[in-house]
Amino acid sequence: MELTRVMHVEDDESIRMVAEMALADVAGFELLSCDGGHSALRQAEAFAPELILLDVMMPKMDGLQTLAELRKLPSLAATPVVFMTAKIQQAEKQQYLDAGAIAVVEKPFEPMELGDTLRELYQQAVQP
Amino acid sequence: MTSKQKQVDYKQRFAALQQRFIGTLTTKADRLCQLAKAIAQGEQSFLAEVIADSHQLSGSCGTFGQKSLGDLASGIEQTAIALQNSEPHSDRTLQLLIELTEHFQRNVASVIDTALNTPVVKQAAEQENNLIWLLLNDALLTDDLSRQLSAFGYSIEVFTDFSACCQALDAISPALIYSAVELDATAGSVFKQTDLLKAMQEKQIPWMLYSPSDDFDLRILAARHQAQAFYVSPLDIPAMLGRITELMQLKSEQKGRVCVMDDDALLAEHYALTLQAAGIECMVLAEPRQLIQDILHFQPELILMDLHMPLYSGPELAGVIRQHDALKSLPIVYLSAERDQAQQLKAMAFGADDFMTKPIDDAQLVKVVQVRLARSRELRNLIEKDSLTGLIKHSAIKEVAQLEFERAKRSGKNVSVVMLDIDHFKSVNDKYGHAIGDVVITTLATMLQQRIRRTDKAGRYGGEEFLLVLPNCGRQDAMPMLETILESFRSIVFHAAGQDFYCTFSAGVACSDADFSDAEAMLAAADERLYQAKSLGRNRVLA
Numbered sequence: 031m032e033l034t035r036v037m038h039v040e041d042d043e044s045i046r047m048v049a050e051m052a053l054a055d056v057a058g059f060e061l062l063s064c065d066g067g068h069s070a071l072r073q074a075e076a077f078a079p080e081l082i083l084l085d086v087m088m089p090k091m092d093g094l095q096t097l098a099e100l101r102k103l104p105s106l107a108a109t110p111v112v113f114m115t116a117k118i119q120q121a122e123k124q125q126y127l128d129a130g131a132i133a134v135v136e137k138p139f140e141p142m143e144l145g146d147t148l149r150e151l152y153q154q155a156v157q158p
Numbered sequence: 004m005t006s007k008q009k010q011v012d013y014k015q016r017f018a019a020l021q022q023r024f025i026g027t028l029t030t031k032a033d034r035l036c037q038l039a040k041a042i043a044q045g046e047q048s049f050l051a052e053v054i055a056d057s058h059q060l061s062g063s064c065g066t067f068g069q070k071s072l073g074d075l076a077s078g079i080e081q082t083a084i085a086l087q088n089s090e091p092h093s094d095r096t097l098q099l100l101i102e103l104t105e106h107f108q109r110n111v112a113s114v115i116d117t118a119l120n121t122p123v124v125k126q127a128a129e130q131e132n133n134l135i136w137l138l139l140n141d142a143l144l145t146d147d148l149s150r151q152l153s154a155f156g157y158s159i160e161v162f163t164d165f166s167a168c169c170q171a172l173d174a175i176s177p178a179l180i181y182s183a184v185e186l187d188a189t190a191g192s193v194f195k196q197t198d199l200l201k202a203m204q205e206k207q208i209p210w211m212l213y214s215p216s217d218d219f220d221l222r223i224l225a226a227r228h229q230a231q232a233f234y235v236s237p238l239d240i241p242a243m244l245g246r247i248t249e250l251m252q253l254k255s256e257q258k259g260r261v262c263v264m265d266d267d268a269l270l271a272e273h274y275a276l277t278l279q280a281a282g283i284e285c286m287v288l289a290e291p292r293q294l295i296q297d298i299l300h301f302q303p304e305l306i307l308m309d310l311h312m313p314l315y316s317g318p319e320l321a322g323v324i325r326q327h328d329a330l331k332s333l334p335i336v337y338l339s340a341e342r343d344q345a346q347q348l349k350a351m352a353f354g355a356d357d358f359m360t361k362p363i364d365d366a367q368l369v370k371v372v373q374v375r376l377a378r379s380r381e382l383r384n385l386i387e388k389d390s391l392t393g394l395i396k397h398s399a400i401k402e403v404a405q406l407e408f409e410r411a412k413r414s415g416k417n418v419s420v421v422m423l424d425i426d427h428f429k430s431v432n433d434k435y436g437h438a439i440g441d442v443v444i445t446t447l448a449t450m451l452q453q454r455i456r457r458t459d460k461a462g463r464y465g466g467e468e469f470l471l472v473l474p475n476c477g478r479q480d481a482m483p484m485l486e487t488i489l490e491s492f493r494s495i496v497f498h499a500a501g502q503d504f505y506c507t508f509s510a511g512v513a514c515s516d517a518d519f520s521d522a523e524a525m526l527a528a529a530d531e532r533l534y535q536a537k538s539l540g541r542n543r544v545l546a
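Chains A and B are the protein sequences, given in the same order. The first sequence begins at 31 in our numbering and counts up by one. The second sequence begins at 4 in our numbering and counts up by one.
One chain only, chain B, in its complex shape:
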């Protein structure tokens, strides 16, 4: 990058430096506190250190926009100097020094809290959230729902009055609220609970409604208050589960994964921090020769790349990325100060998808990345996902298996594949019809997606057959996971033609440690185990 281009970016560079500086303050503040306490216990030799450190802080804090911290550091310095000049030490001055350093420590904590990436912390908490609140007064329905939702790995909390729920919202945010229109006659309908509705809206908690009867006015009210779904008794639990999973996935998928590559390490770090603050996972690619390995490992959905880098140009690296089949459609967006359209077109020819012209402000960066992520996700879903289950299609999941098999071979780690088939599925179809058969398939698909790890992939292999690819997972880890899924699946009650019925599945596992020649052979072995599981009486997992 030429110095002229750098100049354009100085605001972002300064913001990055500020972030970095603030990040170092906690250690410095803790140290000052420790030193002051040691001095109070007679370790006079530390006084010089306190003077030097606080002097440095009094200059640097202000430079990085923390004037009040700088003034406080200056006060610590003056107090330490006064202490040095008084012999014997005055107790009052000593006490003041300790108080000031503690004050400094507290202020640093609050600066970090407010100035530095509070959203990052918030997002991390959200990621773990699988809490669903049920506001219902029907004990039977509550029981049934709790059991089935738990089978999908959700934690359930039940409320029987609106005000208790509203109070609980102060302390914690569930991932979803499922509420009956009315709990008891005195409190009135949920639409009269203005505090609760306001709190849900402020915390952006998705909610669904359950009504004993269908009513157009209620549906309008639900839409007006942005309820995500409206269910009428009798509740179609599998359909509701599908919708919940969709909502949850939407929430976690919106975040996305991005790789950043810029020869200016500070800028790259800043882009990454900015995107992370918006909840987007980010990896800085520092070493061009490691590029492909890093990308395969991190599996980004988008790459942000500087157009001009000293050793290799952006288009050259994009070319290298495009040489790998698995990365052919990975979107690449260039960050560049380049306004020359001819240059940009040339870069596009090498497989770039778009340009962002520097300097790009933080909010704009996040927005553009989010839009690109959403668009590429839509496209990928169309190409790769099965329309009924939302799982990866046959061809794509086989590709995943291939990719993971090769990666496992390179890294010396194991990958397991699982072939899974719903038992007696044909008789479900024959007895209850294809629509109910589809419900069973989507229910299992939903459960698989819900229960596997983030790095695992689930695909619809055939009609009622599924393929799971579990990287970094041996037989001994795969077995208990599948046993639990099977147990959950067979506890689900399906309703059709006025009857309740249950389903099971059989599964066969193969692991790369058995020294297969290729992915195809490993898949064949899993299929063989599945066949054995079927002939041993079904409803089991064999490895």
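Chain A with its partners taken away, still in its complex shape:
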């Protein structure tokens, strides 16, 4: 299955803009870009993403909380989630994987390659 619809949740506007370019313009995904967990929760079901890219450190509702809330929505209970964060320790990374993420992508990222990375992670996740 080919990845087409991606939801991105990120509070940093500049990262949101560059990701918009990387994912919508360069990779050609249909993209929903949200500036925080609350706005993501409001729009997620209607958009029905095939993959969710979540920033870890956000004010109000962080990545882990957002993930927990998203999982309560029936249609998103099994949607693959990728966390994105600045450099972290292996233990912390394990914590995100344990929470149900399929992968953790590190910032800084290369804008021209982000789409391909997500495409590969998605392929691995949906393979039977």
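Among these hints, one or two may not hold up.
[Said to hold, decoys possible] Straight line, CA to CA, 27 Å or less: simulated DSS-like cross-link-like pairs of lysine-lysine: (1) A:Lys117 x B:Lys70; (2) B:Lys370 x B:Lys331; (3) A:Lys90 x B:Lys40; (4) B:Lys31 x A:Lys90; (5) A:Lys117 x B:Lys31; (6) A:Lys117 x B:Lys40; (7) B:Lys70 x A:Lys123; (8) B:Lys396 x B:Lys331; (9) B:Lys401 x B:Lys537; (10) B:Lys396 x B:Lys412; (11) B:Lys401 x B:Lys331; (12) B:Lys388 x B:Lys258.
In case anyone wonders, no lab produced these hints; they're calculated from the structure.
With chain A's structure known, arrange chain B on it following the hints.
Same frame as chain A, now just chain B:
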């Protein structure tokens, strides 16, 4: 724009995002510094904020190509976390946090300095430059030149030896250097001053030479070292002034004014930044319905427009622009990913002048715009400018008056017009001949152009008659400006037939606040005042 076209432009979009991101860094760095200092004074609650901010920066800086800033932010984050975990706070760690945030602040400043538009800053400084350096050892000539150049609004600095001038060049760049071939016998000619010549060439400072006698070898040397002019004693000051003004105008005109219209706001912003970095003034047209007003206000020399925009197409908007008489000949260049020639031809029929195919790289964009600007300027000059004075011709300046009168009426602001006539000009012609009469005319023309504001327009109305159009200017502002010009003009010494003589002018001012029915009536009123000024004894300005 379709997503496919956007994809083509992603490099420029990313460059625009980088520029924008770097632009936000100063505020962020300042904030980190303040927070670190507050923490040192016991405001522990800010620690969480420092961790969050530096964490964000450690991710974003690298993404936007600032890896070392990202690493530094990461170091700040680690230090803040260590501080959070140690209770009581270690002084050394606290000190490290402050040092790191200050370091970050400094690095941000240098990144902004080097990465972001240093040329823009440089250009802005150049625009204000009206400094002329005189390297002369003839006290009489120096005095005379200083006085006359000052009358044209230039600042003068005098040097009497080459090495002092060369040293001063380290710190500041004048707009022009006027040098004698030789200052004293020991130092030798200016062509032996290799350091000075090198510095002038590096800083691209135009220079002119003055020689006591004509000499072919000297002229060859001057040409070899790219001197802009070669004057032989006795110096023809009015001719030299004309050449200086020409040079200065060339310098400022080369920059130009461009409007950019693209539905992709980020791209439009990037084009504008790129052109601005090359010294071209730029305005982004964001709102199609405001288009005409914005264009009339900004007065661009060229419009760059996206061919495909969601609400109105480029050709439709070009059509609207062409409906306005004053904008009929404004060049429009389309930016488009369109390779279909039929489409382009169709757009040309609607009044476009050319196409640039996206993606267009930054250097190419600047080059193409500069070439187009120069070409359209040449054409416009041929059509609109008077060949003797370089001022706008009769018909064109009347059009300007009309345009500004209507604009003033719409905006509720004032416009003033000035009719100006050289006193006893016929007797100058009769006594010294037409060639000298032309010198007087060009001298006044040069002075007018030099002294009016950039938004003002000066035209040659008749033989020795001039018309100035001063938008956004009431009587009380116009009067002192004209008084100063008159004072400067009458201080200029003309030389002819072995004699020195002076000239004056009379002027009449009319302002739109007097409720004229049209521009024609306002011009007639200014003419009436001019007539009164003449009959009251000339050499005066009447409003």
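Taking the hints in turn, this is what the structure says about them:
1. A:Lys117 x B:Lys70: holds, 13 Å
2. B:Lys370 x B:Lys331: holds, 24 Å
3. A:Lys90 x B:Lys40: Satisfied, since the Cα-Cα distance of roughly 25 Å is no more than 27 Å.
4. B:Lys31 x A:Lys90: holds, 20 Å
5. A:Lys117 x B:Lys31: Between A:Lys117 and B:Lys31 the Cα gap is close to 20 Å, so the pair holds against 27 Å.
6. A:Lys117 x B:Lys40: holds, 26 Å
7. B:Lys70 x A:Lys123: holds, 22 Å
8. B:Lys396 x B:Lys331: holds, 18 Å
9. B:Lys401 x B:Lys537: Measuring from Cα to Cα gives roughly 23 Å; hence the hint holds.
10. B:Lys396 x B:Lys412: Roughly 24 Å between the alpha carbons, so the hint for B:Lys396 and B:Lys412 holds.
11. B:Lys401 x B:Lys331: holds, 17 Å
12. B:Lys388 x B:Lys258: This hinted pair holds, its Cα atoms lying about 19 Å apart.
Consistency note: the structure conflicts with none of the earlier hints.
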